[in-house]
Amino acid sequence: MLPFNFEYYKPQTIQDAFRQFYSFRKENKKTIYISGGTELITLGRLNQVYTDAVIDLKRIQEYSSTFFHKDYLVIGGGATLTTIEEVNAFPLLSKTVKEIADRTARNKITIAGNICGQIFYREAILPLLITECLLGIAGAEGIFHLPLQDIFNKEIQLREGEFIFSILIENKYIKLPYVSIKRRKQWDIGYPLVTVAAIKNNDEIRMAFSGVSPFPFRSEEMEKVLNDRALSLEDRVEKSLLSLPGPVLNDVEGSSGYRLFVLKNTMMDAIEELEGERNVK
Amino acid sequence: MSSDPILSLLFLVNSEEKTVTVRPADTLLYILRVRLGLTGSKPGCLNGDCGACTVLVDGTPMKSCLMLAVEGEGKQITTIEGLVNTPIQKAFIEKFAFQCGYCTSGFLMNCHALVNIEPNASDEKIKDWLESNICRCTGYKEIEEAVKSVLNTAEGKH
Ligand code: FES
Ligand code: FES
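So the sequences go chain by chain: A and B. Under this note's numbering, the first residue of the first sequence carries the number 1, and numbering increases by one thereafter. Under this note's numbering, the first residue of the second sequence carries the number 1001, and numbering increases by one thereafter.
The set of hints was computed from the structure by calculation and includes no laboratory data. There may be inaccurate statements among the hints.
Stated by the list, open to error - Capping the alpha-carbon separation at 30 Å, the derived lysine-lysine pairs in DSSO-like fashion look like this:
1. 98/A <-> 29/A
2. 1127/B <-> 58/A
3. 1141/B <-> 58/A
4. 1127/B <-> 1095/B
5. 1090/B <-> 1141/B
6. 175/A <-> 1125/B
7. 1141/B <-> 175/A
8. 185/A <-> 95/A
9. 200/A <-> 58/A
10. 95/A <-> 239/A
11. 172/A <-> 185/A
12. 10/A <-> 1125/B
13. 1018/B <-> 95/A
14. 185/A <-> 58/A
15. 30/A <-> 1125/B
16. 1075/B <-> 185/A
17. 95/A <-> 1090/B
18. 185/A <-> 1125/B
19. 1075/B <-> 1090/B
20. 1127/B <-> 98/A
21. 1018/B <-> 98/A
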């Protein structure tokens, strides 16, 4: 049960959503967009989210569709994680989202909701970071496109009233060799210690991480060392870890020392898999 | 906040039309149990973790504690009260797939959808779906046997 009530609006078009957002804002009402809407409930009941008004984007046409257009795979921000897994147009993304929450929850969680969420794992963003996707952002002038890396700094930074309408991934990335590994302390469900997603593009490995720091990330400095074939595999991984972009989490899922240990081994597994040394389950 | 918004919405619950007054902040679980008296959907964690509150929305399993009632407007909502004599219910009885019964309605809704949507589900698929529900009495083996007995698998055919 949420400890606060709010106004609720279900727009049919982007323009309608935008208009309503500013109409609520004019009345000084804190306003949020929801997509799957799960985080509003899970964080709202803990008083970690408050809002006066909610704009539910699900009914906007094409917001939930997935299709190929020219050189891109276009995934609607409102596509659920289950749909992405089942359509399987981008196997790395399917494999990564399949490990988020559980099947019934994935029937509701959407990709835009996951990558814009407050929960720090946001694992669906990892394949998007390493494929340098474009985001279709709905704003005052309609939809415009920006490279994810231009507006991602620990989190996606949108201007007031904007929302992610679609995600565009270049076809050339979709068939590349990939690895997605989620390591938990125990069992097959629950939060991860670390999640690693990686691809090999023209012999270069790209890697993104979640669960390591309080935000998901991809680091060029780390990749530079990871791709230095003059070093041994262990040295590549160990030296890259000197460039971690944030503190290593130390929480109930695992101490920072244990996380680093698991991370190092997971990275080695990922590289060995991508460089054809062995298969990692 | 100056006002306390209230909406009057039409729901299709177990094939019956119901007009209910809701607050936008009310969860579907709350409305089903408190306003419609359908108490078969159980509150457990209220956080999307246990699956006790699972219902079907247009045939797809959803955790009703993770869904606002307003999101269910115009959708076909099926609760445990809407399942009568289905093969999975019979299988749960035959295989003793419940102990205290608290998780049972949530498991039944999820299993019923699995049987309908994935009648040839592999072991991996069954595991993937059923990981959404928790049984505190740990009757997982019997639940698995009940599900397999109604799938089109080798085990389901004898
Ligand atoms: S009560 Fe809904 S998932 Fe636990
Ligand atoms: S039968 Fe008791 S919780 Fe499942």
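Results for each hint:
no., hint, verdict
1, 98/A <-> 29/A, "violated (36 Å)"
2, 1127/B <-> 58/A, "holds (29 Å)"
3, 1141/B <-> 58/A, "violated (38 Å)"
4, 1127/B <-> 1095/B, "holds (18 Å)"
5, 1090/B <-> 1141/B, "holds (16 Å)"
6, 175/A <-> 1125/B, "holds (24 Å)"
7, 1141/B <-> 175/A, "violated (39 Å)"
8, 185/A <-> 95/A, "holds (19 Å)"
9, 200/A <-> 58/A, "violated (35 Å)"
10, 95/A <-> 239/A, "holds (28 Å)"
11, 172/A <-> 185/A, "violated (35 Å)"
12, 10/A <-> 1125/B, "violated (34 Å)"
13, 1018/B <-> 95/A, "violated (40 Å)"
14, 185/A <-> 58/A, "violated (35 Å)"
15, 30/A <-> 1125/B, "violated (42 Å)"
16, 1075/B <-> 185/A, "violated (39 Å)"
17, 95/A <-> 1090/B, "violated (35 Å)"
18, 185/A <-> 1125/B, "holds (23 Å)"
19, 1075/B <-> 1090/B, "holds (27 Å)"
20, 1127/B <-> 98/A, "holds (13 Å)"
21, 1018/B <-> 98/A, "violated (35 Å)"
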